[in-house]
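Chains as they are written, first to last, in our numbering: chain L, 1 to 337; chain D, 338 to 1130.
These are calculated hints, taken from the structure and not from any lab test. Do not take every clue at face value.
Among the chain L residues that face chain D by a calculated CB cut under 10 Å, a handful are [claimed, not checked]:
| # | residue |
| --- | --- |
| 1 | LEU10 |
| 2 | ALA11 |
| 3 | PRO23 |
| 4 | LEU73 |
| 5 | ALA78 |
| 6 | TYR93 |
| 7 | PHE235 |
| 8 | VAL239 |
| 9 | MET241 |
| 10 | ARG244 |
| 11 | LEU331 |
In this text, all values refer to a predicted model and were calculated from it rather than measured experimentally. Backbone N, C-alpha and C fix where the C-beta goes; we use that ideal spot for every residue, glycine too.
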Amino acid sequence: MSESSAADILARAQSEIVACQTPEQVEAFRIQYLGKKGIVTAMLKGLADVAPDQRKVIGQQANELRSQIESLLTDKQAALGGARSKSPITIDYTLPGKRYPNGKLHPITQTLNEITDIFHGMGFEIALGPEVETEHYNFGSLNFPPDHPARDMQDTFYISKDLLLRTHTSPIQVREFEKKKPPVRIIAPGRTYRQEAISARSYCVFHQVEGFYVDRDVTFADLKGVINAFAQTYFGSDVKMRWRPSFFPFTEPSAEVDISCFLCGGKGCRICKHEGWLEILGCGMIDPNVFAAVNYDPEEYSGYAFGMGIERIAMLRHQIDDIRLFFENDLRFLNQF
Amino acid sequence: MQISYNWLRELVEFDIDPHQLAIKLTSIGTAVESVESLAANLDNVVIGKIVACDPHPGKDNLKICKVELGRDIQMTVVCGAPNVRIGMKAPLALPGAVLSGNVTVQSIEKFGVVSEGVLCSQAELGLSDDHSGLMEIDPAIKSGADLKTALNLEDHILSFDLTPNRADCLSAIGIAREISALTGSPIKRPSVEIKEAAEQAATQVEIGIEDTEGCPRYAARLIRGIKVGRSPWWIQQRLLTSGIRCINNIVDITNFVMLECGQPLHAFDFDNFSQPKVVVKRARAGEMFTTLDGVQRKLSDDVLLITDGNGPVAIGGIMGGQFSEVSDKTVNILLESAYFNSSIIRRGRKHLGLTSEAQTRFERGADPNVVLFALDRAASLMEKYAGGKVSAGTVDCYPNKIEPLKLELRPSRVNQLLKTEMSSPTMIDILKGLEFKVTPGKNVTVEIPTFRPDITREIDLIEEIARVYGYDRIPVAMRAGGNLVVARSVTEIFTQCLKQAMIGQGYYEIVTNSIGDPKLISLVDPDAKAVEIVNPISEDLKWLRPSLLPGLLGVVSQNVSHQVRTVKVFEVGTVMAARTDEAPIESQRIGLAISGTDSGENWAFHPQEFGLHDLQGVLDTIEELLRFKLQITPSKIPIFDQSCSFDITTDGTNVGRCGKVAATILRAFSIKSDVYLMEMDFDQLAERSSGYGTYVSLPRFPAIERDIAVVIDEAVQSGSIVKVINQAADENLRKVIVWDVYRGKQVPVGKKSVAYRLIFQNESKTLTDGEIDNVFNKIVDSLKGELGAELRS
């Protein structure tokens, strides 16, 4: 192929384009020159066979020819106002972006992840336990005497005389103590069950996170340290803490911990029921009877344990007023988090 | 439990306002739930004496009363109360007063007579729910006096939310003791004086206990000649502020004493006993008994009975009998003060499904040694306010005296566990404040009063010290210590990655109830071995889920009903399979459901109906995460449409199932659109997860692509085409991509065109066209020969 032939092709194309009067004729012109088997296409494909020293020059010519013919086409199409004409387009920058929407993690998972991450960062290992438990692990080993009113604090679903749905994640303490020697520092999330009527405030299934640490010389002050650190990490460094004595069979001394309401700063509002305080968890020093059940010497070791309801924390954080929403899984709800 | 602030002030001296008191009590573990002003709305209510009471000419059941407020003031009031009569004193609400229900009193014409105020019942004043008639005011109180001041109604009610271990706080004295521990001022117990009659009680009644374990102590007094009537106002007021209904002076006094010192009492009409005898014993199973609330109850041997030797007169510690109850006609009473064992009361309560104020106190643990104080206190009040003659002596059956426990406390242990620097005397003061008897020493010896059955070990004493000392005063420490190796398990990492991948593809995570409806579960999995709850909250929440699918379908159903166009949800959760005589098998599964159209509502995409290939997309994602292959093969799973039902396997192991939900199932869940489901055994996937990938060096020579489109019978699966391609190719074929599937004008009916991009690459050289043509031609020949495919170009 020579220089003159590229010029010839262009000249022929220039005369032919003038003759095109309809969009169909323009299309035929396009196919003739730029189609799969068109003249210019063939020229470009043929480059492979050209001697390497000429390839660059001829390649340039062919590309130039293609753009010249393209501009002939564009002009003609614009003149005819045909389907292929490119009138200038204004970018509509107000249109929504083009994307496949994400899904979301369930707010319970989000809350659980954030809580376990905080404790993981403080040196807590993660452990899990079964949801169907024995009387022994759920109650007996946790110092709930038989026929004791403490058992009524936790209405229980039974699946047989000895098997039940765990009412708390605390059995994981005993299961881990049986497996390990101190030091043991664990965070244990999981699903728990209470035989309670379903309402805006309670659901038969819910989630807890249990944390515990056993070692030599673990003190109540360490418990305060870790819980305060958690609360300030999760709820903000300016929250105030209130520690109230309470009762759990498996801890002694026991406490319930409140934080100052993060919505009103403690002045009193709807969320904190005008008390200024929000209860976030229960905790205490592990009762010596729990240690006795797993052959830890309570004179040598001491430890703390704490537990919190994930739904409750999520409800506080997101100001959700009905626990059932978590289990209904309405996408309009899930989409909000 | 509710106790009034003024009552507490009578029992212990302190100078703390009600709201501060609530905060302080809560801070030592005696949780106050609320503080309410008793008489916030009792302004403009005075005491009036009714001096005239005439029928209303305009209305039969109304009276026109003249009410005197002091010497010179009289007002006309129209009143319809049944007990209104000349000479009585009653509360008169004057215009401006606000009555219960937020009614403001006005001077108003009633059937032609102007009523200048309202004569009030207790209910109208918001003091109780008694609206049976006008509130009777002690005639000794001066007419015209302000009601609030005259009746000492400027008071606050503290409602307590006590933990079950603190039985000792279920009384005014119990709470006063907590205040005493806080403030250091001693408790002022009421003094008791009885003028006993000559008759010896012991000669009149005999007491025997058959079950001394269930009832370690039973004491009684005999009181004769009582007059049943109304209690004095101060006793009524104590009961009202504690939320207990007033019945009559005898019952009210037993309740008052219980509220005061925590010991439940029971008064029997002694004349209804068949013989002068009390025998405490277990009921026979199946025995029937009518309690004083009129309900006939079937007993069991978990129920303790008080009998007169012939038949039962009360259920011990829980509720009296109808037959022996004190009535208006009662003259002689046997007053019981007993100590029952908490477990028998608990078992009896569970059997009967019956709770009472007495039962709560016994079940949580009463004090065996307050029995006589309570008995004497009640007897003295009955003598004073019911005109009773108390027979001499107490009949007290207490075969094995319960002695206070003695414990050793190591002060060093207290400080060790709390990280405090408390002195021994500080600890001793705290314990003394709680009425513990303390003998100082290197180790402190502490005698635990019997009203604290919850204190049995040194650690319990440490808690007492800690709570009164104040949790806020315990220092805050932060130390790492222990083991700082906190590796995350492969499962944990895989779970997080998988969930992130799912949401990245537009799936919403859901969390559904793991307790489900047997009907729906067996519909979805007819062969499921579900675990059944013995005591479900309802019939449709009775089985533990053996699969995630019913929950997923429920969520699809609910969302589709809200006109959601795209439902893409997944759940990772525990399922259970029952085993005989063993704990169920728990395993984790991942399930997902899709329904509607993909790409939701974005203008840039054309929505397509979901199909099987969307599920396969998820499988591909999981494959990528796990770095191993998952296959699906047709199967006949009942829940799925039989044309689209698949097992998911890896290395020949079944790990799940997926498909299009059958129409019958959709109907059961009221779903009108198609739904595709997938469920896999999460544990099996996680087990195979290799954790972290290993680097493979990047190719140094270019890849070469060739496209090939084959026209082939509709029935031929792409998988077999790819297999033929791979078999025909050499090791340089690195990847086969399906990039188009076409059915339409240019393809004959019954055929489809599938286009593949073949990617060739070699690690050590650039492949030449000739090398590739060679392989490519072999591939084409195989496709033609083995599958009868035609090339489309």
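Margin query: Can you verify the interface hint for L:LEU10: is its Cβ closer than 10 Å to any Cβ in chain D?
Written below: At 31 Å from the nearest chain D Cβ, L:LEU10 fails the 10 Å test, so the hint is violated.
Notebook entry, point to check: If you take the shortest Cβ to Cβ gap from L:ALA11 to chain D, is it below 10 Å?
Noted result: violated (34 Å)
Next item on the list: Answer holds if the nearest beta-carbon of chain D is closer than 10 Å to that of L:MET241; otherwise answer violated.
Entry: holds (9 Å)
Next item on the list: Classify the hint on L:PHE235 as holds or violated, based on whether any CB of chain D lies nearer than 10 Å to its CB.
Entry: violated (16 Å)
Notebook entry, point to check: Do the numbers back the hint for L:ALA78, that is, is its least Cβ distance to chain D under 10 Å?
Noted result: Not OK, violated: L:ALA78 not within 10 Å of chain D, min 27 Å.
Next item on the list: Could you check if L:LEU73 really has its C-beta closer than 10 Å to a C-beta on chain D?
Entry: violated (26 Å)
Next item on the list: Closer than 10 Å between Cβ atoms is the bar; does L:LEU331 clear it against chain D? Give me holds or violated.
Entry: Holds, because the Cβ-Cβ distance from L:LEU331 to chain D comes to roughly 5 Å (cut-off 10 Å).
Check: Close enough to count: is the Cβ of L:PRO23 nearer than 10 Å to one in chain D?
Finding: Constraint on L:PRO23 not satisfied, violated at 22 Å.
Checklist line | L:TYR93 as an interface hint toward chain D, with CB separation required under 10 Å | finding: L:TYR93 check fails; min Cβ-Cβ to chain D is 14 Å, beyond 10 Å.
Notebook entry, point to check: Taking the closest Cβ pair, is L:VAL239 under 10 Å from chain D?
Noted result: Where the cut-off is 10 Å and the nearest Cβ of chain D is about 14 Å from L:VAL239, the hint is violated.
Next item on the list: Report holds or violated for the interface hint on L:ARG244, using the least CB-CB distance to chain D and a cut-off of 10 Å.
Entry: L:ARG244 check passes; min Cβ-Cβ to chain D is 6 Å, inside 10 Å.
Comparing the model with each earlier hint shows violations of hints 1, 2, 3, 4, 5, 6, 7 and 8; every other hint is respected.
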